[in-house]
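Here's the letter readout for the chains.
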Amino acid sequence: MSAEMDTAVITDKTKEIRELTCIVCPVGCSLQATIEDGNVLDVEGNSCKRGREYAVDELCAPKRTVTSTVRVEGGFLPLVPVRTAAPIPKEKIDQALFEVAKATLEAPVRIHQVIIADVAGTGVDVIASRSMPKTVGTYPASGAKTVLVHDACV
Amino acid sequence: MSRIECDVAVIGAGPAGLAAAERAKQSGAGRVILLDRDRELGGILNQCIHNGFGLQLLAQELTGPEYAEHFINKTFDSGVETMLNTMVLDVTRDRQIIAINSDEGLMRIDAEAIILAMGARERNRGAVTIPGTRPAGVFTAGAAQRFINMEGYMPGRRVVILGSGDIGLIMARRMTWEGAKVEAVLEILPFPSGLTRNIVQCLDDQGIPLYLSHTVISVKGEERVEGVTVARVDENLKPVPGSEWDIECDTLLLSIGLIPENELSREAGVELDAVTGGPVVTDEMETSVPGIFACGNVVHIHDLVDNVTREAWAAGEGAARLVTGKQPRGATIRTRAGDGIRYVVPHVVHVQNLADRDVRLFMRATHPAENVRVEVVVGDNVLFSKFERVVRPAEMLALTIPAGKISEQAIADAGRRGEEGSKNGPELVVRVTPRDVHKRGGVQA
Amino acid sequence: MAATKRITADVVVIGAGIVGTAIARELSKYELSVVLVEKEADVAFGTTKANTALVHAGYDADPGTLKAKLNVAGNALYPKITQELGVLYKNTGSLVVALDEDQMLHIHELKIRGEKNGVPRLEVIPAERLLELEPHVNPDAVGALWAPTGGITCPWELAIAYTENAVLNGARVLLSSPVIGIDVHEGRVTTVHCPNISIDARFVVNAAGVWADDIERMAGRDDFEVTPRRGEYYLFDKRASRIVARPLFPVPTPFSKGIVVAPTVDGNLLAGPNSVLTGRKDDYATTAPGLAEVLEGARKLIPDLPVREAITNFAGLRAVAEPGGDFIIGVSPGLSNFINAAGIQSPGLTAAPAIAEMVRDILSDVGLELMEKPDFDPIRKRPLRFTELTREEQARMVAEDPKWGHIICRCETVTEAEIVAALHSPVPCTTVDGVKFRTRAGAGRCQGGFCGPRVVAIIARELGIPVEKVTKKGGKSRIVMGPSKEPLLECSCSVEGMEKEVGDDV
Chain H
0 MSAEMDTAVI TDKTKEIREL TCIVCPVGCS LQATIEDGNV LDVEGNSCKR
50 GREYAVDELC APKRTVTSTV RVEGGFLPLV PVRTAAPIPK EKIDQALFEV
100 AKATLEAPVR IHQVIIADVA GTGVDVIASR SMPKTVGTYP ASGAKTVLVH
150 DACV
Chain F
0 MSRIECDVAV IGAGPAGLAA AERAKQSGAG RVILLDRDRE LGGILNQCIH
50 NGFGLQLLAQ ELTGPEYAEH FINKTFDSGV ETMLNTMVLD VTRDRQIIAI
100 NSDEGLMRID AEAIILAMGA RERNRGAVTI PGTRPAGVFT AGAAQRFINM
150 EGYMPGRRVV ILGSGDIGLI MARRMTWEGA KVEAVLEILP FPSGLTRNIV
200 QCLDDQGIPL YLSHTVISVK GEERVEGVTV ARVDENLKPV PGSEWDIECD
250 TLLLSIGLIP ENELSREAGV ELDAVTGGPV VTDEMETSVP GIFACGNVVH
300 IHDLVDNVTR EAWAAGEGAA RLVTGKQPRG ATIRTRAGDG IRYVVPHVVH
350 VQNLADRDVR LFMRATHPAE NVRVEVVVGD NVLFSKFERV VRPAEMLALT
400 IPAGKISEQA IADAGRRGEE GSKNGPELVV RVTPRDVHKR GGVQA
Chain Z
0 MAATKRITAD VVVIGAGIVG TAIARELSKY ELSVVLVEKE ADVAFGTTKA
50 NTALVHAGYD ADPGTLKAKL NVAGNALYPK ITQELGVLYK NTGSLVVALD
100 EDQMLHIHEL KIRGEKNGVP RLEVIPAERL LELEPHVNPD AVGALWAPTG
150 GITCPWELAI AYTENAVLNG ARVLLSSPVI GIDVHEGRVT TVHCPNISID
200 ARFVVNAAGV WADDIERMAG RDDFEVTPRR GEYYLFDKRA SRIVARPLFP
250 VPTPFSKGIV VAPTVDGNLL AGPNSVLTGR KDDYATTAPG LAEVLEGARK
300 LIPDLPVREA ITNFAGLRAV AEPGGDFIIG VSPGLSNFIN AAGIQSPGLT
350 AAPAIAEMVR DILSDVGLEL MEKPDFDPIR KRPLRFTELT REEQARMVAE
400 DPKWGHIICR CETVTEAEIV AALHSPVPCT TVDGVKFRTR AGAGRCQGGF
450 CGPRVVAIIA RELGIPVEKV TKKGGKSRIV MGPSKEPLLE CSCSVEGMEK
500 EVGDDV
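Chains as they are written, first to last, in numbering that gives the first Met the number 0: chain H, 0 to 153; chain F, 0 to 444; chain Z, 0 to 505.
These are computed hints drawn from the structure, not numbers from a lab.
Mixed in with the good hints there might be a few duds.
[Claimed, not checked] Mimicking BS3-like on lysine-lysine, the simulated pairs with C-alpha atoms at most 25 Å apart in a straight line are:
{"hint": "1", "chain 1": "Z", "residue 1": "Lys256", "chain 2": "Z", "residue 2": "Lys68"}
{"hint": "2", "chain 1": "Z", "residue 1": "Lys79", "chain 2": "Z", "residue 2": "Lys28"}
{"hint": "3", "chain 1": "H", "residue 1": "Lys62", "chain 2": "H", "residue 2": "Lys91"}
{"hint": "4", "chain 1": "F", "residue 1": "Lys180", "chain 2": "H", "residue 2": "Lys101"}
{"hint": "5", "chain 1": "H", "residue 1": "Lys133", "chain 2": "F", "residue 2": "Lys73"}
{"hint": "6", "chain 1": "H", "residue 1": "Lys101", "chain 2": "H", "residue 2": "Lys62"}
{"hint": "7", "chain 1": "F", "residue 1": "Lys180", "chain 2": "H", "residue 2": "Lys91"}
{"hint": "8", "chain 1": "Z", "residue 1": "Lys110", "chain 2": "Z", "residue 2": "Lys68"}
{"hint": "9", "chain 1": "F", "residue 1": "Lys180", "chain 2": "H", "residue 2": "Lys89"}
{"hint": "10", "chain 1": "F", "residue 1": "Lys219", "chain 2": "Z", "residue 2": "Lys475"}
{"hint": "11", "chain 1": "F", "residue 1": "Lys325", "chain 2": "F", "residue 2": "Lys385"}
{"hint": "12", "chain 1": "Z", "residue 1": "Lys299", "chain 2": "F", "residue 2": "Lys180"}
{"hint": "13", "chain 1": "Z", "residue 1": "Lys468", "chain 2": "F", "residue 2": "Lys180"}
{"hint": "14", "chain 1": "F", "residue 1": "Lys219", "chain 2": "Z", "residue 2": "Lys468"}
{"hint": "15", "chain 1": "Z", "residue 1": "Lys89", "chain 2": "Z", "residue 2": "Lys280"}
{"hint": "16", "chain 1": "H", "residue 1": "Lys48", "chain 2": "F", "residue 2": "Lys73"}
{"hint": "17", "chain 1": "F", "residue 1": "Lys237", "chain 2": "Z", "residue 2": "Lys299"}
{"hint": "18", "chain 1": "Z", "residue 1": "Lys79", "chain 2": "Z", "residue 2": "Lys380"}
{"hint": "19", "chain 1": "Z", "residue 1": "Lys468", "chain 2": "Z", "residue 2": "Lys402"}
{"hint": "20", "chain 1": "Z", "residue 1": "Lys68", "chain 2": "Z", "residue 2": "Lys28"}
{"hint": "21", "chain 1": "Z", "residue 1": "Lys402", "chain 2": "H", "residue 2": "Lys133"}
{"hint": "22", "chain 1": "Z", "residue 1": "Lys110", "chain 2": "Z", "residue 2": "Lys256"}
{"hint": "23", "chain 1": "F", "residue 1": "Lys219", "chain 2": "Z", "residue 2": "Lys280"}
{"hint": "24", "chain 1": "F", "residue 1": "Lys385", "chain 2": "F", "residue 2": "Lys404"}
{"hint": "25", "chain 1": "Z", "residue 1": "Lys110", "chain 2": "Z", "residue 2": "Lys299"}
{"hint": "26", "chain 1": "H", "residue 1": "Lys62", "chain 2": "F", "residue 2": "Lys180"}
{"hint": "27", "chain 1": "H", "residue 1": "Lys89", "chain 2": "H", "residue 2": "Lys48"}
{"hint": "28", "chain 1": "Z", "residue 1": "Lys79", "chain 2": "H", "residue 2": "Lys101"}
Go ahead and model the full structure; you've got the sequences and the hints to work with.
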């Protein structure tokens with residue numbers, strides 16, 4: 000949606016300049032993309048090459064990384080945070096969120112374990128973004144000494 | 000009361016504490032103890048399940064828990080001892096910590112060096128005075144984030160968010176993605192407080208309206224929030240009569256800023272900076288109390304965790320240098336925020352360090368500006384500068400002065416001429432100037 | 000419809016604010032069955048939780064009024080009562096500050112009035128002495144009235160303590176029990192009806208605060224009207240408290256004692272109240288103009304009031320009864336066993352212990368036999384608070400129960416043990432606000448931002464209820480609205496279902 004909301008400046012009959020903010024990293028570069036017949040001819044304002052890739056993607060097939068949580072049984076916490084292993088097409092986000100909402104897991108979970116393969120038919124997996132041990136006292140998996148004690152909120 | 004002795008005790012195991020403890024250990028400190036009141040390491044990162052962490056430092060776009068796990072593993076591998084569910088009750092000037100947990104009871108920890116890494120707390124409703132009723136359903140964004148991401152509960156279904164800080168923006172998307180309806184985000188200032196990328200992907204993407212120069216003037220509902228009255232504000236941030244309207248909602252989230260958590264620092268007698276709300280520190284990240292160091296949000300509010308980690312490394316190295324007898328000696332020079340800069344951290348720099356190693360300064364701009372140079376000035380000499388295409392108050396600026404760039408001689412010369420800041424001797428002034436001014440002298444980065 | 004339960008009582012006390020709880024405790028000294036009914040989910044949830052928390056010396060009220068008499072009498076009872084009940088009380092003394100010579104005249108009048116009321120040791124002091132006592136006071140001040148018997152206490156703590164002690168001595172408390180009807184037969188009240196219970200009563204005491212006129216009307220009488228006056232307050236961080244050592248009053252107006260700056264027994268600083276006539280009995284909303292008025296008023300006394308240290312603001316309602324404006328304490332005309340204790344506005348907190356004794360005597364006059372219980376125990380032990388223990392005691396407590404080593408509220412240093420104890424106390428609380436009023440968890444500078452979710456989890460666990468049933472203050476004040484994911488799954492029909500194996504490690 001952001002691309003549509005950005006200003007479009009018509010420079011001549013076929014060329015058009017779109018202004019958008021790069022969201023690849025926190026720098027947030029202001030990009031000016033020149034488009035002709037739906038093709039991105041040129042991108043200016045980016046301070047790295049990922050900015051150019053972002054502008055092309057955003058104008059042709061916008062993608063986002065989806066982050067959420069999945070319910071886990073028998074874990075140290077009731078939820079495991081998850082994310083898509085790569086950005087997925089924006090129009091697939093609702094379906095991906097629905098699949099994530101339906102999912103349940105059993106502890107233990109390892110970081111980057113695949114939780115849902117090929118989410119919403121995107122070819123991208125949903126992966127765990129942290130480890131989730133079974134019970135209090137075994138975290139972290141490396142087994143180093145900790146003092147893990149009774150907690151009301153677990 | 001049990002007694003523990005250690006070289007370095009680190010209070011708070013969020014991103015700052017983790018990195019500081021690990022680095023102190025790696026830099027030669029003997030026994031390093033990391034204390035945290037929560038049930039696990041990682042601090043607030045555990046509930047920040049969105050991506051965007053680690054781009055600068057790890058060259059990957061990680062979520063908060065992934066970033067945390069990376070540093071948790073490093074901390075364990077380094078041999079740092081950790082104590083969880085442990086609350087520090089008191090810190091004294093002579094580096095004595097009183098702490099408590101359920102297993103060990105009360106403990107007295109005597110440390111050669113203490114690193115304060117308690118982070119920040121959120122500003123709440125009382126801090127900004129939002130009139131109206133006091134029903135359930137008013138949350139700080141962070142409390143709502145904990146409910147939804149850690150505990151698995153919906154704080155509400157129809158949401159208005161006050162404040163365009165990053166946590167608020169992230170929560171706007173998060174709640175939308177959990178099926179709630181976010182009606183609006185209101186920002187009292189004429190520009191957003193959060194990162195632009197978050198405006199784009201958290202609000203624009205979700206079709207959530209952002210009202211700049213608007214605020215909540217009243218909360219309605221006796222038991223649970225039933226709505227809020229909002230209004231436009233004038234240039235003095237006062238509501239404009241006649242501009243108000245009501246938004247029905249069951250939840251008001253507040254993302255109106257963070258306050259460095261310095262209750263322990265105060266008790267220890269650490270000098271605080273009125274602008275940052277955090278301790279006055281040297282480039283070793285040492286506070287006004289010798290042997291007590293600080294890093295992360297306890298010092299000043301960061302917007303990027305990568306910078307927190309960098310600052311924490313400096314604190315860890317500083318503490319290790321203290322306990323190994325390698326602290327820099329000799330003259331120091333104060334930093335000062337010049338034109339266009341709200342504050343500079345650290346407040347004091349060792350002249351010897353400027354010669355020996357890269358020294359990083361963190362600062363914030365007072366207002367948005369484009370195509371500027373951020374300059375480091377001593378006396379009337381621009382000794383170092385860096386071009387910035389855009390500076391925004393919401394985005395912290397970092398300036399690394401390469402080793403040897405500013406010589407002892409240059410500082411001594413400035414001191415002799417007794418110009419700017421002559422009262423306290425020479426100062427390192429950081430200022431923002433338009434790109435084309437000050438071509439004379441100075442070294443361009 | 001399920002049959003309502005029916006019980007009998009010698010005395011039903013309606014309203015568990017400071018007045019009703021003081022009366023219930025007073026009556027629990029005798030061989031009587033006493034039932035205290037309260038419409039809110041906890042005691043002290045009305046006017047008692049939102050006032051200036053002052054123990055007034057008693058120079059304000061017009062001589063001869065009930066207010067004047069009961070203020071001075073109540074004040075004298077405070078040291079003993081608070082000691083018996085384990086409630087914080089500090090005899091700080093109080094000051095009325097004159098900012099010009101005209102006000103100084105008024106100060107002298109107040110002193111004369113106070114002396115008529117029987118207030119001991121009043122003294123007019125010069126500016127120099129005032130500045131010695133209160134260095135932050137407005138330097139324009141020309142003098143003050145010094146009332147050494149003034150003090151501060153914690154109103155809800157006292158109401159909770161009264162109730163607990165009454166329960167310990169046999170009284171019964173029904174919370175979340177609004178009175179919905181009162182039966183009258185031949186000039187006597189016979190039964191008090193609540194939604195789930197009806198109480199056949201020999202005597203009824205109406206201590207229903209701002210709702211007292213509505214209660215009296217249920218019994219068929221219409222002798223007075225309560226017109227609530229809202230007062231708004233700012234509460235400041237503990238860091239700000241050292242700015243005053245004792246309550247500072249401005250010279251009063253005919254309507255109000257004015258906006259006060261006072262320390263609280265818990266170590267905060269309080270400023271307020273203003274005085275606004277409101278048409279509603281549930282109007283606890285603060286307003287921008289009201290809060291501005293409070294700051295303006297407070298700054299007249301303390302010009303460098305640390306406004307940035309404000310941690311919350313709130314409003315309370317004064318139960319002003321018309322006609323007369325005085326306390327209405329006595330048998331309701333035409334109802335021989337129905338006693339009003341109504342219109343108890345300021346100095347109601349101070350007067351409450353004396354009101355309780357007066358109501359007891361009235362009940363005795365109208366036929367209630369008062370036989371002292373031989374085993375009455377006047378002592379209510381103060382709940383242990385971590386912050387009030389020495390380091391050695393803290394260490395010992397953790398060794399006994401690990402929950403003492405688990406700090407839940409970091410601002411006020413409240414342990415899990417204290418919260419669990421409050422949830423299982425003689426008058427157990429069931430809400431987040433109830434926990435706050437009993438333990439101070441959530442009452443500090445972050446106002447529950449940190450401990451809120453943790454307190455909710457403990458309440459759910461201890462009461463054996465789902466987290467989504469935990470409320471802030473009863474009724475519909477739920478903290479969370481059900482498990483996450485539910486909203487998404489509810490509207491799942493709009494998303495094409497795509498079944499997939501979950502949890503495969505591909």
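Do the hints match the structure? See the list:
Taken as a hint, the Lys256(Z) and Lys68(Z) pair is honoured in the structure, with Cα atoms around 17 Å apart against an allowance of 25 Å. Proximity of Lys79(Z) to Lys28(Z) is assessed by CA-CA distance (about 16 Å); at most 25 Å being required, the pair is judged to hold. With a CA separation close to 9 Å, the supplied pair Lys62(H) and Lys91(H) stays within the 25 Å bound. A C-alpha spacing of about 20 Å is found between Lys180(F) and Lys101(H), which places the hinted pair at or below 25 Å, so the restraint holds.
The straight-line distance between the Cα atoms of Lys133(H) and Lys73(F) is roughly 22 Å, inside the 25 Å bound, and the hint therefore holds. Pair hint Lys101(H) plus Lys62(H) holds up; C-alpha atoms about 23 Å apart against a cutoff of 25 Å. A hinted pair counts as satisfied when its Cα atoms are at most 25 Å apart, and Lys180(F) with Lys91(H) qualifies at roughly 19 Å. Straight-line distance between C-alpha atoms of Lys110(Z) and Lys68(Z) comes to about 16 Å, which keeps the hinted pair within the 25 Å bound.
About 18 Å separates the Cα atoms of Lys180(F) and Lys89(H), which keeps this hinted pair within 25 Å; it holds. A hinted pair counts as satisfied when its Cα atoms are at most 25 Å apart, and Lys219(F) with Lys475(Z) qualifies at roughly 14 Å. Between Lys325(F) and Lys385(F) the CA atoms are separated by roughly 31 Å; this puts the pair beyond 25 Å, and the hint is violated. Proposed proximity of Lys299(Z) and Lys180(F) is contradicted: the alpha carbons are some 46 Å apart, above 25 Å.
Between the alpha carbons of Lys468(Z) and Lys180(F) the distance comes to roughly 22 Å, so the proposed pair stays at or under 25 Å and holds. Distance check on the hinted pair: Lys219(F) and Lys468(Z) sit about 22 Å apart at the alpha-carbon level, within 25 Å; holds. In summary, the hint linking Lys89(Z) to Lys280(Z) is not supported, as the alpha carbons are separated by about 31 Å, beyond the 25 Å threshold. Note on Lys48(H) and Lys73(F): the hinted pairing is violated, with a Cα-Cα distance of about 31 Å set against a maximum of 25 Å.
The straight-line distance between the Cα atoms of Lys237(F) and Lys299(Z) is roughly 23 Å, inside the 25 Å bound, and the hint therefore holds. The hinted pair formed by Lys79(Z) and Lys380(Z) meets the criterion: a straight-line CA distance of about 14 Å does not exceed 25 Å. For a cut-off of 25 Å, the pair hint linking Lys468(Z) to Lys402(Z) stands: about 24 Å separates their Cα positions. The hinted pair formed by Lys68(Z) and Lys28(Z) meets the criterion: a straight-line CA distance of about 24 Å does not exceed 25 Å.
Among the hinted pairs, Lys402(Z) with Lys133(H) is consistent with the structure: their alpha-carbon atoms are about 23 Å apart, no more than 25 Å. For the hint linking Lys110(Z) to Lys256(Z), the alpha-carbon distance of about 15 Å falls within 25 Å, and the restraint holds. Distance check on the hinted pair: Lys219(F) and Lys280(Z) sit about 16 Å apart at the alpha-carbon level, within 25 Å; holds. Note on Lys385(F) and Lys404(F): the hinted pairing holds, with a Cα-Cα distance of about 13 Å set against a maximum of 25 Å.
Pair hint Lys110(Z) plus Lys299(Z) holds up; C-alpha atoms about 22 Å apart against a cutoff of 25 Å. Between Lys62(H) and Lys180(F) the alpha-carbon distance is near 22 Å, which keeps this suggested pair within the 25 Å criterion. With a C-alpha separation of about 22 Å, the suggested pairing of Lys89(H) with Lys48(H) holds against the 25 Å cut-off. As the CA atoms of Lys79(Z) and Lys101(H) are separated by approximately 62 Å, the hinted pair breaks the 25 Å bound.
The structure shown violates the earlier hints numbered 11, 12, 15, 16 and 28.
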